[in-house]
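Protein chains in written order, with our numbering: chain A, 36 to 348; chain B, -19 to 346; chain C, 22 to 358.
Quick caveat, the hints were computed from the structure, so don't treat them as lab data. Check each hint, because a few of them may be wrong.
The calculated DSS-like cross-link candidates involving lysine-lysine, where the alpha carbons are at most 25 Å apart (straight line), are [stated by the list, open to error]:
(1) K184(B) / K174(B)
(2) K331(C) / K340(B)
(3) K289(C) / K144(A)
(4) K189(B) / K289(C)
(5) K260(A) / K69(B)
(6) K15(B) / K316(C)
(7) K239(C) / K192(B)
(8) K304(C) / K258(B)
(9) K276(B) / K340(B)
(10) K316(C) / K276(B)
(11) K(-18)(B) / K260(A)
(12) K69(B) / K101(B)
(13) K260(A) / K101(B)
(14) K174(B) / K162(B)
(15) K(-4)(B) / K15(B)
(16) K260(A) / K105(B)
(17) K69(B) / K310(A)
(18) K144(A) / K258(B)
(19) K209(C) / K340(B)
(20) K331(C) / K316(C)
(21) K255(C) / K144(A)
(22) K189(B) / K276(B)
(23) K162(B) / K316(C)
(24) K69(B) / K309(A)
(25) K196(A) / K206(A)
(26) K184(B) / K138(B)
(27) K255(C) / K209(C)
(28) K304(C) / K331(C)
Some residues of chain A that are not near chain C, with every Cβ distance over 10 Å (derived) [to be verified]:
(29) Q54
(30) F66
(31) Q78
(32) E84
(33) R107
(34) T182
(35) R193
(36) N231
(37) F281
(38) K310
(39) M318
(40) H325
Virtual Cβ for every residue (Gly too), placed ideally from N, Cα, C.
Chain residues, written in single-letter form:
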Amino acid sequence: MKIGLPIELLSLEWVRRLQQDITQLLPDVRFCHGSGSARGGYQDIPLSEGDACFPFKKMIRTAMALLPEVDRLLIPRLVRLDGHLLCPNFRAFPDLVALNRDRLAGPGKETAIIDTVVEISNRTDEERVRVELIQALLGNSVPTFSTEFPKPESADDRAAKLTAKLGPYAKSIALIGRAYMVQDPHLNMGIPAILNGQGYGVITPQDIDFPTLDQVATRNDYYAKTMYWRGARECLGAFMHLTEGFEPAGIIYLLSFNCGVDALVRIELMSLHKKLDKKIPMMVLVGDEHSQREHVFTRLEAFLDVIDGITTS
Amino acid sequence: MKVTFPHLGSMYIFCKAIAEEAGIPYVLPPPTTDKTRELGEFHTNESVCLPLKIILGNFIEALDAGADTIVMVGSGPPCRLGLYDRTIKLILTDLGYEFRWLTIPGIFSWQSFLQNHDETKELRKELTIANFLRFPRAIMIGWRKMRWCEYLEGAAAKKRAVAVHPLEVERWLQTSLAALDKARSLLAISRAGKQAVAGLVDIKAHGRKPLKVMMVGEVYTVMEPSINMNIEQRLGHQGVEVERSSYFSGHIRRGSRLDRGLLKERQELMALAVPYLKYDVGAECNFSVAETVLAKNRDYDGVVHVYPFSCMPETTAASVLSTVATELGIPVLTLPLDRKDMGLRIDTQIEAFVDIMHMKRSGHLL
Amino acid sequence: MESPLVSPKAVPVYLGIDVGSVTTKMVVLAADSGAVLDHVYLRTNGDPIRSIRQVMARIEGDPREFQVLAAATTGSGRMLAAKLIGTDLVKNEITTHTLAALTIAPDAQTIIEIGGQDSKIIIVRERMAIDFNMNTVCAAGTGSFLDQQAGRLGMRVEDMGEMALASESPASISGRCTVFAETDMIHKQQIGVGRNDIVAGLCQSLVRNYLATVGRGKQILAPVVFQGGVAANKGIVREFEKQTGHAIEVFPYYGVAGAYGAAIYASKAPGERPPFQGFELLKRDFTVDSFTCRKCEEECTVLRLHRDAKAVSFWNDRCGRYSEAKKGNHDNGDTAI
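Looking at chain A on its own, in the form it has when it is part of the complex (with noise of 0.2 Å):
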């Protein structure tokens, strides 16, 4: 059975998790991703994108381009993972693509999505969403589940793994951002590969374990006002974690155009940015669909250069 799952959502650490899970189980599954890269011309999307975020688009374009490929379409419906809620985009993503789906000229009206909601606050939500999600895709038969769930990497493997990665380089930049902005190429605008290659070592939110972001995230919540999304806490979280502990030579905050979930954390991290102590030169990058690589590359020598200058001082 060839099961389509989305490439953008497989910078969501779960969802790679599942994967593995699902090969595990399952030997006879393949799973298609699609390129990432998916245009979406004017009769592919019968449904107006409007003024979705471009991740958001993007994700719906490449579901759209896999459904002629597969025999189903994995599109969970991520509601909450480690307790915290996702943006609310995520939650729409498969009905979206059902609705453009049964519009469709052309081939893919036929394949079936899978949408299971996925809520998951602890072990518990796991292995219990496991179970519907399994269930889904083989159509009621249940089948034996000899492993568990996959667990999370540990933290100290974590930091290992990060370690290993900064170890050529002197210096580091925090690239902070969402998962699938930092971790996919047409999204990320090829950021990581021209910090390497000008000799920063890169660090991102996703290099550290949840829990240690959620905690820190924590000391600016209070009683009804916690920053209820998972994505907006593993930035908080990991901008103050790192200019308190690792001090990085520049912070770069990486955000989609017209994402709302951004839109505040932007208004949060400039603040807490203007507090700091020790000064850390921070630039914030706004990508979308028309995002041009000339463009970043600019301004990140600019910032690069602003930072030598600091350094070496």
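Could you slot chains B and C onto chain A? The hints should help.
Using the frame of chain A, we list chains B and C on its own:
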């Protein structure tokens, strides 16, 4: 203590009444203007939704005018409204303002109760027994005024569409709301309301059947004229009766979870959106779609979908409605709003929308 | 107000005027046959009064002695035009474009219009408009942009089409906004990409943007009618055909479609029309100015028409204190501050 609150249509009459009746000094934020919006824009960024910018602007202007305690309605995830107080507090503090903050919980939960308790600890010290004793009556007066305001606004929407001189309806509405605002007792409120209703009858109608439209979309945008570019009025002057999907009192009654009937109604409404959205996307997203289906079922002539540019749930709703509307066979005018300089653009689109609705009714082009 | 002597040779006509931000258009339709007797397309150049005067001069001076039975205005300057020529027939440009298209192509299902400053799409089913969209947030590529780029590249807009058609590999041009598109084009030129490919890339980008923003979510069915000055560009027409998969019919009066629709609207207006006063514009001194009324926090910019230095008409006030004032009310705005 000098309390202030954000502008949300005629809600200020409600807040003002409570403050007045409970004997708490208040500062009304100046009416929302371009300057208010610019203040909000300046201190945030381009992807922040318009209501946040305007409310921030309201508060800055109110603080500048002498307020020191901000009262704001809370809300919850997944939409950003639930974080408005956190974000606005941060911005105001960074700007150097000193103030106290009180969040009225939008959805009752232990967290919000504890937060409320904490916030009111300081404030309670500044109130006397007299203030507390007057609260129940104050809330009753405020509530009654609000219900009358909503009733009169609804009546205005109906009359505007059939009035020979629609501007008379605007003048009537202004006078009537002002009279309600002035009333200080339940009796006076009732009298002002009834007088207003009598006055409305005197406005001449042309007798032609108006077009009927449902206005759906993000809560704040539907209720606040300075954000939705006075769209109810613009449509009304073109002979269109506008029915709003969001009323402040409805939101309070739902949030309190006391009105079972209302909650059931809401669930049934959600069900209408299920063919398109199988899960609650949050805020008013599913309802914007559901209300469009409802408008079609009720044989309305059209739907106007208003929302702030960059509103995540409503962008999804707009995406759904972009094809669903045509399939259902009901004209939908989608208006993402962000700036005030769009007046002529909006008028042009409204005119065309009205033409389309007329065409549909009459069955021919002109 | 004079009543001109109507000679037996006078040709009764209907008049449509479309005052856009970039261009002013006019169409004269014969009252009996509906034939287009004259049409004009000229630059507004920021002075709509002057361009409307030019239009009036042309009609009055025509040897065929037009007798205007009724006139209608459309476009972003339609209110001003209506006040100037003294008509109450004002129609938004979306409806006038629809009227125009359906008069000549009654079975049209889609109308695409790309004008000087904005773009529209109108969905027609069973000979009635059922849906439309207009670009409200910036999107790269309307008529002005093509004009500008033609100028910069030293070519005529009319030739752009042929150049685009000659290209086999259109360059990829940014679609965020005109500034970025231009930057992209300059960059491509600098690295040596040929002009044909650049122009073709521009056409491709404009059409892609149009379909992604204005057209997205709308079901585009044939026959598709294409209006607006940009319809003259064969490269754009080809791109539309490629990207939608439908044949595109260029509207015969593509540049003046709005004015044509306005004239149709005038011809269908019921009842006796008051005598046409448009030629007054040529005989008397008309000026328009504005003032900010500060009587309430709205601070409306009120527009005021002067005829022979006397204020005769007001509009754009939200509460109507000027536009709906009874005759004899001497509030002419000077005491507004």
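Taking the hints in turn, this is what the structure says about them:
1. K184(B) / K174(B): OK: K184(B) and K174(B) at ~19 Å, within 25 Å.
2. K331(C) / K340(B): 44 Å, violated
3. K289(C) / K144(A): 46 Å, violated
4. K189(B) / K289(C): Holds, because 22 Å separates the two Cα atoms, which is no more than 25 Å.
5. K260(A) / K69(B): 11 Å, holds
6. K15(B) / K316(C): 17 Å, holds
7. K239(C) / K192(B): Satisfied, since the Cα-Cα distance of roughly 24 Å is no more than 25 Å.
8. K304(C) / K258(B): Since the Cα atoms of K304(C) and K258(B) sit roughly 67 Å apart, the hinted pair is violated (cutoff 25 Å).
9. K276(B) / K340(B): Holds, because 13 Å separates the two Cα atoms, which is no more than 25 Å.
10. K316(C) / K276(B): Violated, at roughly 42 Å.
11. K(-18)(B) / K260(A): 24 Å, holds
12. K69(B) / K101(B): Holds - the C-alpha atoms of K101(B) and K69(B) are around 18 Å apart, at most 25 Å.
13. K260(A) / K101(B): With Cα atoms ~18 Å apart, K260(A) and K101(B) stay inside 25 Å; holds.
14. K174(B) / K162(B): 15 Å, holds
15. K(-4)(B) / K15(B): Holds. K(-4)(B) to K15(B) sits at ~23 Å (cutoff 25 Å).
16. K260(A) / K105(B): Measuring from Cα to Cα gives roughly 24 Å; hence the hint holds.
17. K69(B) / K310(A): It holds: about 16 Å lies between the C-alpha atoms, which stays within 25 Å.
18. K144(A) / K258(B): 18 Å, holds
19. K209(C) / K340(B): 49 Å, violated
20. K331(C) / K316(C): 22 Å, holds
21. K255(C) / K144(A): 35 Å, violated
22. K189(B) / K276(B): 18 Å, holds
23. K162(B) / K316(C): Holds - the C-alpha atoms of K316(C) and K162(B) are around 22 Å apart, at most 25 Å.
24. K69(B) / K309(A): At roughly 16 Å apart (the allowed maximum being 25 Å), K309(A) and K69(B) satisfy the hint.
25. K196(A) / K206(A): 17 Å, holds
26. K184(B) / K138(B): Distance ~13 Å between K184(B) and K138(B) Cα, so the pair holds.
27. K255(C) / K209(C): 22 Å, holds
28. K304(C) / K331(C): 15 Å, holds
29. Q54: Fine: 32 Å to the nearest Cβ keeps Q54(A) off the interface.
30. F66: For F66(A), whose nearest Cβ neighbour in chain C is about 30 Å away, the distance exceeds 10 Å, so it holds.
31. Q78: 7 Å, violated
32. E84: 6 Å, violated
33. R107: Its Cβ never comes within 10 Å of chain C, the nearest being 27 Å, so this holds.
34. T182: Fine: 45 Å to the nearest Cβ keeps T182(A) off the interface.
35. R193: At roughly 37 Å from the nearest Cβ of chain C, R193(A) sits farther out than 10 Å, so the non-interface label holds.
36. N231: It holds; N231(A) is separated from chain C by about 26 Å at its closest Cβ, greater than 10 Å.
37. F281: 35 Å, holds
38. K310: 34 Å, holds
39. M318: The assertion about M318(A) holds, with a minimum of 20 Å to chain C.
40. H325: 4 Å, violated
The structure is inconsistent with the numbered hints 2, 3, 8, 10, 19, 21, 31, 32 and 40, although it conforms to all the rest.
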